[in-house]
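From these two lone chains plus the hints, build me the complex, please.
What follows is the residue order along each chain.
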Amino acid sequence: MRLLDALRHAMRMRRSPMVDADQAGRWAAGEQPGPAHRGLAELLAAANAPATEDELAGREAVVAAFAAEVRKAGAAEARKAGTAGSRRKAGTTGLRREVEIAAAHGAAVPQPAGRARRSRTARPVVVNVAAVLLLAGTGTAVAARGGHLPQAAQQRAHDVFSGLGVPAPVRSPQPTDAVPRASATPAPRRSATKSATTRPSASPSAAAVPAGWCRAWAAAPRPSDAPWYAELAEAAGSEEDIAAYCRALDDTGTPSASPDRSRKPPGRPSSLPTPSHRGKKK
Amino acid sequence: MTDDELGGALAAARDGDETAFAVLWSALHPAVLRYLRVVVGDLAEDVASETWLQVARGLRRFSGGPGEFRGWLFRVARHRGVDHLRRAGRRREDSAGTIEARGHAPDAALQTEERFSTSWALDVIAGLPRDQAEAVMLRVVIGLDVATTAEVLGKRPGAVRIATMRGLRRLAIHPDVRARNEAKATFVAEEV
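The listed protein sequences derive, respectively, from chains A and E.
So the first sequence is numbered by my numbering: it starts at 1 and just counts up by one.
So the second sequence is numbered by my numbering: it starts at 1 and just counts up by one.
Just chain E, with the same shape it has in the complex (with noise of 0.2 Å):
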């Protein structure tokens, strides 16, 4: 969906026009959700469903275009996210690993996903620490500009950058991720 046509919506659901916010929800809640996935797990939906009523309360008031309704969006996903985890973190003193604070193990769905689906992908994304694989998703899959993410991970942009950086080198090593690369040579061999 162009910006254009977001703006659009977005200026009608204000008013109050339900089928210009089914728009901008059918648009953006898979983009939230697959971000909600990596951080909070199997949780997501449930988040997802309060950062949506969040900004169905909050939208009359919200002044500004697509690219700060965008970023208000996620600034919402994730604070609601990041309180999700923090009560399972104070529920769970004992464990206090950051993947098994998501609410799932990553490396355990991981062997039940088929590879390259999506939720491998989103499983491996999971996998990486979570400054890095916020900003692989915000910034790489779901296209957000440097400085959305920035503010919406509350960071500064070169620390963006790293994280998305550092991200991406981590997932290219990643096993799988590599086997792919390798099957493609042995392909290029045979045919050659």
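With the rest of the complex left out, here is chain A (with noise of 0.2 Å):
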């Protein structure tokens, strides 16, 4: 019984081998878990998958955000190249006529005339100061005007901030049509991906997601029911077609390539923990 016991321990320990500090701290400087760790291996390769449609869907309102900043920068230097004459009138904006007039109820807000004279690339920050202030919903300018001024300064702000291309009212930075315009995405396509099987360094950026995989598969190189593994051999073309589709991607180099490889055990095609989202390391 005892025999049998310890060969049950045995069998518990060879098949969930105990993980030792050198062996993590091996992990740690990059090495790949190895065939007997494939779960953490898989693990690493899932939190690693390529960008899906859903995570690309905001893409237009933060590019539309970065927009407006270029031009509200644009115009500031303008402004500061000293063209401006008749630019005070164009910029007395509804929200800068609310700030003159809460000014002039409560002077909660610093006279906006006197600082515009000082100096006119003030003038954006003044107005943004203002609509923080008028945002939240403190001070006497905001009193004078009778309470309802918060909800016409809640209106205003998001005027403000739909000028910055950012859709204040809309909690989700997607719009409604999102999908539409996310299968527009030009970054990570499924197409380009497929394609790589006969060009695998195509584009990098297609590349570097698979490699990914490449390193799960290397870990373990047998069929897996995990999703990575459908994706993969959907990239290569074919379950049979893995093992040649990851040695030419690691021939191109490009996905797994890094420079600290000292900790590379010999022959394993792919051993460290490279970054396979498109960001790489320096």
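Bear in mind the hints are in silico, worked out from the structure with no lab data behind them.
Take every hint as true, because none was put in to throw you off.
Label pairs and their calculated CB-CB ranges:
| id | chain 1 | residue 1 | chain 2 | residue 2 | range |
| --- | --- | --- | --- | --- | --- |
| 1 | A | Lys80 | E | Asp83 | 26 to 36 Å |
| 2 | E | Pro175 | A | Glu234 | 27 to 37 Å |
| 3 | A | Asp22 | E | Pro175 | 21 to 31 Å |
| 4 | E | Thr19 | A | Lys72 | 10 to 20 Å |
| 5 | A | Arg222 | E | Arg57 | 45 to 55 Å |
| 6 | A | Thr52 | E | Thr2 | 15 to 25 Å |
| 7 | E | Asp83 | A | Asp22 | 32 to 42 Å |
We put the beta carbon where it would ideally sit given N, CA and C, even for glycine.
Right, dumping it as structure tokens:
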């Protein structure tokens, strides 16, 4: 009976090997988990799977916000250049009027006219600060408006933010028509991954992702029911082509090449925690 | 994306090129979002949007290469995320646990996610102590180097190495992860 217990114990140990500090240290230093730790390799590959359309859905809104920042900066620069004459009038937007009215009522906001004379570039800052004050709904300026200003200010702030390309009233970053937009996203297209069968290095951003799957596959090169395996097979063309596909990827070197390979055990195709997100290390 | 390409996009985006900014975003947003999912859970999308907005505002004044940009981006993301956690923590003073403060309970989510899907993997990593989860995400999953990871996390490189090591070790003995190893061993046995 004792022998049986010992045998059972040995079997258990063989099946789920202990993870000693050395082993974990080697992983942390960049070694890829081997076949005995296939689960870990698969988990890391799954965490690093290609971006989904959902993840890339907010692109338009963010780029619009960026464009608005660029325009704003450009306008500030133009003002700085001293070409502003009638600009003052043009800059008197609804919000600005609101600010001036609020200031006249309560003086919680500094007199905008005086400040504008001092520095023209400071004006957007003044307006922004005023917008924040109005948004916060505090101070005598707001009180002076008899309590209905907060809502108006809120609306005004929305106008300002939508001017920046930020859809303020909508909490979600992507608009309702996100799906058609997302499909137009150029980044990691599924089709690009497929075409990589013939030219794996065609697009580095497309190739970088299968490299993560290839590492998981290299850890234990046999079929798996994990989502990444099906996708890898699809990218390679078929399950039989996976080996050749991953070899080709590794040969082109781009996705898995990394400077500190000192710990790499010989014979394994790619043994580093290379960033398979397009974000590579320095 | 190689550092050269990223560097090119970065330089153009700094000059105000929208397409280049879109390239930067497409290349790095998924990583930011996944990192934030591990840190703030369901709030990740909101925090990621704030992060990119801040980056869009500050990009003109940014000087540095792709490596520095990655460091800056994740530093902004982390600060934003930690701010959210603090606010959430203040709102719910009674729930002290870090997992609760993250805005979701990984264990509950784990049961509904398909095993070895991306969401599942992120939930498992989110179940680690936060310093380990962050180190594993930035260092191993996203692939920042030790120095950059240390800078983002405000730790010494040695501490990052240890947190990464402990995190990986803990992941390796997660029941689902171990079951995977065992399944493989059985497979070998059948083959032989």
